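Protein chains in written order, with numbering that gives the first Met the number 0: chain A, 0 to 605; chain B, 0 to 348; chain C, 0 to 599; chain D, 0 to 291.
Since the hints were derived computationally from the structure, they do not count as laboratory data. Please note: incorrect hints may appear among the correct ones.
[As the list claims (entries may be wrong)] Mimicking DSS-like on lysine-lysine, the simulated pairs with C-alpha atoms at most 27 angstroms apart in a straight line are:
#	chain 1	residue 1	chain 2	residue 2
1	D	Lys144	C	Lys561
2	D	Lys27	A	Lys172
3	C	Lys323	B	Lys296
4	C	Lys538	D	Lys27
5	D	Lys27	A	Lys170
6	C	Lys323	B	Lys99
7	A	Lys173	D	Lys144
All values reported here derive from a predicted model rather than from experimental measurement.
Next come the chains, spelled out residue by residue.
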Amino acid sequence: MMTQRMMPATDIQIAICGSAGDGTIAAGEILRNVMAGIGYKVISFDVYPAEIRGFGKCIARMRITTEQAYSLKQRSDVLISLDDSHAIPHVGEVRDCGAVIYESGSIRPVPEGGHISAHILPGQLPYGVPLRELSEKATGANKSRNIVALGYLAGLFGLPAQPFIEGIDGKFKKKAEVARSNEAAFQEGYAIGQATYKLDDVSFEPVARSAGNGARVAMINGNAAVVRGCLDAGIETFFGYPITPATSIMERLAAEMPKRGARLLQTEDEISAISATVGAGYAGARAATATSGPGLALMAEMLGLGVIAEVPCVVFVSQRGGPATGMPTKHEQSDLHMAVYGGHGDAPRIVIAPTNVEGCYRCAGKAFEMAEAYQVPVIVLLDLYLSNRYETVSFPARPPFEPDMTRYAEKGELGEGYKRFRVTEDFISPRAVPGTREGMHVATGLEHNEPGRPNDQPENHQAQSHKRHQKLKAALRHPDFTHYKRFGDEGKVDVGLIAWGSTFGECLEAMHKARTDGIRCAAMKVVMLSPFPAEAVAAFMDDCAAVLVPEVNYQGQFANLLQANVGRRVERLDRVPGTPMPVEEILQEIRRLTGRIEARRPVRVA
Amino acid sequence: MAPANKPKHHVVVGSGVAGSQAAATLRERDPDSRITIFTLSSLPFYNRYDLPKVFRGRQDWREFLVYPPSYYEEHRITLRRNCRVANVDGRRRVLALEHKEDVAFDTLLVASGGRAYLPEELSDFRLLMQRFASFTEAMGVRKQLPEGGHAVLLGGDMIGLDLARTLVDTGYRVSLVTGPHTFWPHEVSDAQRPVLLAALERMGVVLVDGVAAGGIAAIEEGARGMPARRVVFRDGSDLRGDVVMPFFGLVPSVEFMLGSGVDIERGLLVNEALRTTDEAIYAAGDVCQIWSDAERKYRFYYGWKNVRAMGELAARNMTGGDEPFRPAQDEQLEIRSDGWLHSPFWEYE
Amino acid sequence: MRAEAVRPPAAASVPEARSFTSDDPRDIAWVRQNVPCQATCPAGTNVPAYIRDIIEERYGHSYEINREANVLPGVLGRICSRPCESACRHGWPGNGDPVAICHLKRVAADLKDAGHRITEKLYAPSGKRVAIVGGGPAGVAAAHDLSLFGHDVVIVEREERPGGMLRYGIPEFRLPRQVLDVELHNALRLGVQLRTGVAVGSGAGEMPVSELLKGYDAVLLATGCAAPVALPLRGEWQGKDPAQELQGIEYGLDFLMQMHRGQPKQVGRRVAVVGAGFTALDCARVAVRLGAEEVTIHIRTAEEYIPATREEIFEAKREGVRIKGLRTPVGLRDDGQGRLAGIEFVQNRLGGWRTGGRRQAIAIDGSEFVEPCDTLIIAIGQQTVHDHLGVKVELDRHGNMRIGDDGMTSVGGLFAAGDYVRGASTVVEAVGHGRVIARRIDTWLMGRERRRQAVRIEPVQGPLRERAFDFIPRQHMPTAPLGERTRQLGREVETGMDRATALEEARRCYLCNLRYHIDVDRCIFCRACIDVAPRACIKLVSGVDPGEGGVGRLVETKEWNKVAAIWIDNNECIRCGACFAACPVHCISISRCQLVEVDN
Amino acid sequence: MNDFARPIFLEDKLPEIRDSGRLDYRSKTLPTWCPGCGYFAIVDGVTTALKREGIANHEAVIVSGIGCSSRFPFFVNTYGFHTLHGRALPVATGVKTANEALTVVAVGGDGDGFAIGGGHLPHACKRNVNITYLLLDNGIYGLTKGQTSPTSAQGFRTPTSPYENPDRPLNPLLMVLAYGASWVGQAYAGRPAQLLDLIRQAIAHRGFSYLHILSPCVTFDKTNRTYGNLDLQVRDLPAGHDPSDLQVAMAEAMNQEAPALGVYFRQERPTLGQALDSLVDKASGSRKHLAR
């Protein structure tokens, strides 16, 4: 009815909030998969504590849209509370005429004001549901409150039940028993939801399924996209050690690689993981490992060996709050310095950082190409938000990756005088992997000459160091790869945003808002961080009256990198909330900057 | 009891005309106080008397709101919806909500109103009848009643007749099964009755004399291809309609007060100052029976004006006043010049 | 291998699982607090036990358990006032509706197979002789128990047939007579001598009490409380018995008794009943069946405060009876020909509280009004009369017989029980009191207490319930269609539950006599039990406050260093068994605690 | 069936619990482990043991690494040090070396102790540093949500070994016996009474005492190392087992199918502290020792 008048296209953000162990995250997972399956675009991000059970707060937020969105909204349309004590602080995030769904019953006495009904604003619509009772009624246990809530949501908003049932089966396919009882729980909630008269104005508009050009659409998060990229690029070996938030890369590969005859091994720590990876890379395999900041720190030395021995290998690094153990389950972009500069000695390496889930897929695949093409360790910098953020991504029918980009030594180059580290005009040396006839050589951590013999003569060290740095320049022109990209207004603009990693999503959102405010605005994403695309960035900055660099770290690590390479000042917006950068803050900054510009702009005379 | 310096906590149970009016007055007269309203409704205060308008194109609850949501923040009134009061402890000045939350109060106003009375002999057919007491119920009726459809009203209190006049006016068919509750709460003499019934017929309401038919024997689902409901009378005759709605007047909602220690007959018994037998607990609206010195008995007063007056008065007396209640409207049914029936209870803004 | 499948054998260290009997007063207090139905039953019926039997479809045994406490299960299964149901834990806030304990009692009686054999435990003959005056519920209950104790018992009954109130006071549509006859017969067939049609008293042709005292070792007066209380009217009517003045006025109990003695009764078009008890409701419903068009019950206070069950009131209303509150009759109107034409009432307001949740009604001066009616039935209560006693006994200020703790009146060897002592009360109270006094008489006759109360505690292998049972709604007692029941006086209104319904209802019972217990020495404080608990029934406990009745009150804490034990609050516990299954170190055990009588 | 115990009245039991004084060794905060976790039994054991051994709260230090078990210090009312993944033992060694008067207990899980921290254990053993190492072995990585650990059974399925764990589990007892720990014992969280007794002996021992505690992860291991299975597998060391005989101890340790509970090996020999003291003695001839 009137709701249609209000919002033609669907743009609904749902937040499920509970205590660890309430199944908050699980409910979110089922919901977003179902919505993606139905054909909506979904972006979602979960927040959870380190404790497995007990008392930490979990929030599963997802934005469900018909048009592609780039980040989560500040305000949610629906809040589901599975635990009042955690949900109460978030009631405020629900918009006017939005819905708050909560446990109406209560087992033990609550202090005055301790029940969520005391905090729901008059403009919001309260839906009290006896989740626990319904769960116990349907399953005999209280463990399915989350699924009951899901059922209620689906019933209330008139969503089809079948996809959810399938979604639940899918989630619990290993345990038929659990699946069945959860179905019962869902139906219990669904019935009540259907019977409830919907008072809020949140409404899901039907979606037209996108016609497939053979493309495969999937609801997937950053880590899963990385895995897909690895597999499509033909990864052969993986060595790893569990660490939040990178663990799920290994978990998924562990399930997938054996199916393709590839090998995965869990090592006793990161040090051993990177060692094995370098070893396998030397043997010619497409090899990778995945870790987070603390693990990368442990790997620094072995990465140095990879650089000097010119061994291709790929390291996926999902950043989290640091330093030390820091904030293992919180978002941050503070490992850029270590990724680009980390480790002892002059140890140049390639560092690329995707800005969205689809980018995770491409960067993962391309990383193997680059590692081979430039014979160097490649670090793919993810961050916790990107690793865990779910988006609907459509994958090309055929993998867009080269199966092998190694510059193998030609017949003539091999044999007696084979120079594994010969300085060529493009500085890339002919390579022979073990098993290659006439290709025998020594890869070593000692400085070496072209044939690979230890050599510490100044001119040799100069020449080898030079080649190890110069060969990477070619990566700036690596084929069929988006090193950087400009969005928004063409030509001169008032404000230009430059950003990297997941934060670019917030920038894009902010840019669009700013432009609707009539501000001339453009944004550039920089995917390749080392080597740095200085010319392109400089050119973009020429168009901008002011340049703003928002990033989620305290030091402005990317701004530092940029200034070091381009040699010009930029406006910084550095925040470390442990969560994504609020779009509003970026927008404010843009307004502030434009405000200042207005002030400076000379009055036009007609 | 709170010490004088500490701001008082006024708690109001019910967000109808009485409760909301009381909250407003309380805020005027006691600016520093805490005010909390508890209501079963999921919506902020809206005008239930207006509900027939769902048949005049109003279908968004926001169009029924009396105050905008912002009103409550501006006036620092905590509105707690979906909250059922389970019990009131007058001695400890604490009320317990169904979800096991205890709330302390300094003064309490019970304005929980009345719910539609359903004669016990019809209780078996509860699920086959539709009520009209809340926005969602009203929308439910509208959903089940097809354009120009046939509504069967049982009893026919003034709430029902108000709906009836709207329905006939908007092109629906209305049959009224008359009985002792017709015209409730008006006291109608045997002499008046036929005249008033005639007026109803003039208005286009089809009358069925329920008593003559020996009373209702059963209400059933309609057969396929027939209207959704069938009312069967003891004398074997029957009546088919799309909806069947009971309108047998109201009974006060007092269950949660049974343990409170205050006096109850059908409603909460209050003196003329609307105070119950507990000096911290007041009552206003359809829930209370007010002592009438004139008539030497406890009696109910109905109608929007009376109820609002009660809300206001209760609030005044809760904050130091001590005035008696004076009915704010006459209770005479009349027949307008155009021959239509008119009740003062229908006069609301 | 799967963990779920295997359970370790009980370690040798723990005490072997055997049942034992405890005399610890706290165990007795525990049962009283935790089994509210039994605690509130005047006859002390072991409710959880007989409901458990119904679940196992052992109706005969269920019936026997009932019979241990009350010899008339089939009767009370229909007309009991059900104090147990208002106490039932399932009816506590948040737990839903009470279990239909009374209906289930009837189920046991209805569904036990025809060839069911009654088992009685008899004492050797004592050679003592006891005479009981009055064959009502109290007399019959006492007679039965005394005969079990081995005494020779004779009942002297004024009416033609035994049963008292049950037969003459309660309409057949609530209590079919054949049910009554069978159970009376079973109660008295252990050699109890029944002499009906014999009035005890000082009048001509009546048997004097003094004679009984000579001929018997003990005499028990259980003549009930049947004399009507007169309606206190004002002005011209003051002090007069209106029934003598006008036609169309009846006294409720007499009205019913005359009808049940076979006298034809009729009522006018508009019937007014004054009174608020079961008798008033029965009269009103009888009036409906006798063809009255308007039947109204006038009460002095309000519906909330009258002592009838909600179901009773509801059924009455369904049959067309209306109830009007806050009014007291003060006068009458006649039609000039000596017939009743109307009643003058005065409006009341509510006053303070009286015992048993009743309210005082205070008349408002000048608020008189008149309501027309053709028949007035006065049922405001009954009183005891002692004119038939040839001997001099002390009375209390209510004019009831005063008896000592030994159940004896001021006259040696003369005992009294039931309504005759306590004034008009309920059948189950009469039965209960009959038992108590029988016990006293035995003690007096034998010179010592022969039995005492104790608690039998027996291990239970596992929870006997599922959480799902807690969501079964209270099952409704099927009733006869409105049309049929009002046409014929004898048609029983409640038609009884079938096996399926009974099972559903029985499953709802929490079986409160199960006691969940954590072995503190083996508990590792892991809170696995709390995690699965459906209510706040398992607590982190820092201490115990001495609570009332010997059962302590648990003091909870959230501070780890104060948690002395994790403990199950059996009073909160709904016996769902979730914790039992969840405990990783198997330190939760269940025992069944039941009150038993043991020989001294 | 659960073991039946005669119902008692709590008030009859309370004095005994209160007078034991062990509650004073608990912190205020309720442990955040999953309900049912065996670690509850262990923390209860440690607090009770410290009390029974008469060690003042302020003279005890609990050092841990990273993992579920390493949250331990937060739930005990003593000094605590929650360090980095796998680094508990070196930190504990430092603490002890700095102040021999302290009772130092290192606590960690199987991943912390035998995977990332595996390199530290041999050295702690051979130095015979006078600390107690409680190894809480649940055979899984709980904190990172259930991956394979060094003591996971062969064929065990986890997210990182979805088909099956190709490795055989380590034999920690055999290792530490081989490394030269001077006190080696094994306990099971499902047998709290025995667990307590062993913790007491371990703390009382002078030298490096290693107590291996089998404990189920109720959240991520529903099939393998469950209470149900362990209840059936564990056994007591044979009566008359001689804890001074290393070979017998090793022989017992080799039986991983039926883990034996009790004291495997006990030996009196100079601790690291004593060795350092004697060095000082030799060097200076004085008796002025540091760290007092």
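Verification of the supplied hints:
Under the criterion of a C-alpha separation no larger than 27 angstroms, the hint pairing lysine 144 (chain D) with lysine 561 (chain C) is inconsistent with the structure, at around 31 angstroms. Between lysine 27 (chain D) and lysine 172 (chain A) the alpha-carbon distance is near 41 angstroms, which puts this suggested pair outside the 27 angstroms criterion. Taking the CA atoms of lysine 323 (chain C) and lysine 296 (chain B), the gap is about 14 angstroms. The hint holds against a cut of 27 angstroms. Straight-line distance between C-alpha atoms of lysine 538 (chain C) and lysine 27 (chain D) comes to about 16 angstroms, which keeps the hinted pair within the 27 angstroms bound.
The hinted pair formed by lysine 27 (chain D) and lysine 170 (chain A) fails the criterion: a straight-line CA distance of about 38 angstroms is larger than 27 angstroms. The suggested pairing of lysine 323 (chain C) with lysine 99 (chain B) is violated, with an alpha-carbon distance near 35 angstroms, which exceeds 27 angstroms. The hinted pair formed by lysine 173 (chain A) and lysine 144 (chain D) meets the criterion: a straight-line CA distance of about 17 angstroms does not exceed 27 angstroms.
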